[in-house]
Amino acid sequence: MRRLLALHALLVYFFLYLPILVIVALSFNQGRRGVRFTGFTLDWYRALFQDPRVLEYFLNTLVVAFLSTLVATALGTLLAVGLVRYRFPGKGFLRYLLYIPVVVPDVVMGVSLLLLFALAREVLGFPRLSLFTVILGHITFQVAFVTLVVRSRLLLLDPALEEAARDLGARGWQTFWHVTLPLAWPGVAAGALLALTLSLDDFVVTFFTAGPGATTLPLYIYSSVKLGVSPKVHALSTLIIALSAFFLALGYALSRRRV
Amino acid sequence: MNEAATPWRRAFRVLVTVGPGGLWLLLFVLLPTLLVLVASFLTRGPYGELTGPLGLHNYARLLHPVYLEAFAQSLLVGVLATLLSALLGYPLAFYIARHPRRDLLLFLLLLPFLTNFLIRVYAWLVLLQREGLVNALLGALGLGPLALYPSFFAVLLATVYTFLPFFVLPVYASVERLDWQLLEAAYDLGARPLRAFLHAVLPQTYPGLFAGSVLVFIPAMGTFVVADLLGAGRVVLIGNLIQQQFGITRDWAFGAALSVFLMGFVLLSLYLYARLQGERGLGHGRSPYPEDLL
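As they're listed, the protein sequences go chains P and L.
Using our numbering, you'd call the opening residue of the first sequence number 50 and step up by one each time.
Using our numbering, you'd call the opening residue of the second sequence number -8 and step up by one each time.
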């Protein structure tokens, strides 16, 4: 039984890694088409780096990811603290709202934001679809995830620690800054990392909220793939795989340290 | 919390913590959702703008066979992807949970998962194309090149590949806090392995199974990217219809009706999931949602 389980696991892991390994291998392949390895080359990477647009898209992706993560982490952490520590009217409703971005398919979220921006433009003359609207869209789904992650961390904390801080004369913000936040930190870090990954990964919401000049890497990959399989995309994909592995290893190291 | 705090101070604290995030959710989650609902009752104008008259005409259009077929396809992808994920993911979760290096195995499970979604889908396009690796292997076996892409099969395969970790993680969470003494008790009472598993192990993993099914089923039904790239127009799901209405067709009113339909379907399945979980008396205790795993 154990050996059967082990064999099954081996096959599933093979299934998980095969596509990725093929992409990485093909990025170093001289042949343009097919899977026959005709020789090692770095030409596709060279072509990638010589394309000034790719650098621009990469920077767009990073700007969106870091700005949206920053805002979403701040909003989400505060919201989680408020939800865990206080009772207030509308709390139940707010919890339902939090789950909408988590459970509703991205397409629906993308088009609903598109409608919102279209209406806002009609009524207020603002905003035009651009990198700015992409950032607003990303913050929206990130806030929900950050809040849920930080909240689950806060629920594990002992409220006596905060009471002790207050008994010792700490004011509200002092308690928050010196006691609550440091204790919640692993949750905040995990939430921020999740938000960052979600942003780097997002295609659908970006697709509907991006205006001209707001191309990100996933949008670029999508349009290249629509035009046909290209070794340059293999090279780009390999670099992105390496980057995700780095971020995941970082998160893994952070989460282990807390134990 | 603080007995000494005046009501005003408390209200101020709530405003500072919940205010910004709450306002964001009202503005960017609630308002857009209401807008979709309103738009679904409007009409496409001559230039693709939204105008009156108000009515249920967009919903009436949903009954056209073309759209019904897309719903059926979406449902089929959702159900089959969930079943295949269970087949692959359920035993895997047990293997990982009982492995001495389970941290590493989880890490290895998440690594491909955190690789860009589009790249994961694209990789299957590369593998399944006519000159791809799968056809090369089939050719070596004398099975000639098959038209694997574009096809329903390709869409299903990539969907399972993309969402499999969503299934494994909640099941893993259930297995990790499994009470193995119940299994021993079943053996002591003379149960055979299958019976012992069905009565002492499987019920304990229901919360994980349900959560995993929902987490695979919803995105599998709702995505348009996988069907767009690997179905190449031959496999049309609800997500693809929505994208078309907001893209080339520019009939936002009908697209909104499709979105409301999809959203309603998702919420209904979530409701049924909650009911089912509650009925089995498993709705209490720790939730098996992935948020717990972070």
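FYI, nobody ran anything at the bench for these hints, they're computed from the structure.
We put the beta carbon where it would ideally sit given N, CA and C, even for glycine.
Incorrect hints may appear among the rest.
Said to hold, decoys possible - A few chain P positions that, by computed beta-carbon distances, are all more than 10 Å from chain L:
| hint | residue |
| --- | --- |
| 1 | ALA55 |
| 2 | HIS57 |
| 3 | ALA58 |
| 4 | VAL71 |
| 5 | LEU108 |
| 6 | LEU116 |
| 7 | ARG134 |
| 8 | GLY141 |
| 9 | ILE149 |
| 10 | MET158 |
| 11 | PHE181 |
| 12 | GLY186 |
| 13 | PHE252 |
| 14 | VAL253 |
| 15 | TYR271 |
Stated by the list, open to error - Cβ-to-Cβ under 10 Å is the rule here; a few derived chain L residues that face chain P:
| hint | residue |
| --- | --- |
| 16 | VAL57 |
| 17 | LEU59 |
| 18 | ALA63 |
| 19 | TYR86 |
| 20 | LEU174 |
| 21 | LEU220 |
Said to hold, decoys possible - Here are a few chain P residues that sit away from chain L, every Cβ distance over 10 Å (derived from the structure):
| hint | residue |
| --- | --- |
| 22 | PRO68 |
| 23 | ARG82 |
| 24 | ARG95 |
| 25 | ASP100 |
| 26 | PRO154 |
| 27 | LEU232 |
| 28 | PHE257 |
Among all the numbered hints in the text so far, which are the ones the structure does not match?
-> Hints 1, 2, 3, 4, 7, 9, 10, 12, 13, 14, 15, 16, 17, 18, 20, 22, 23, 26, 28 contradicted; others consistent.
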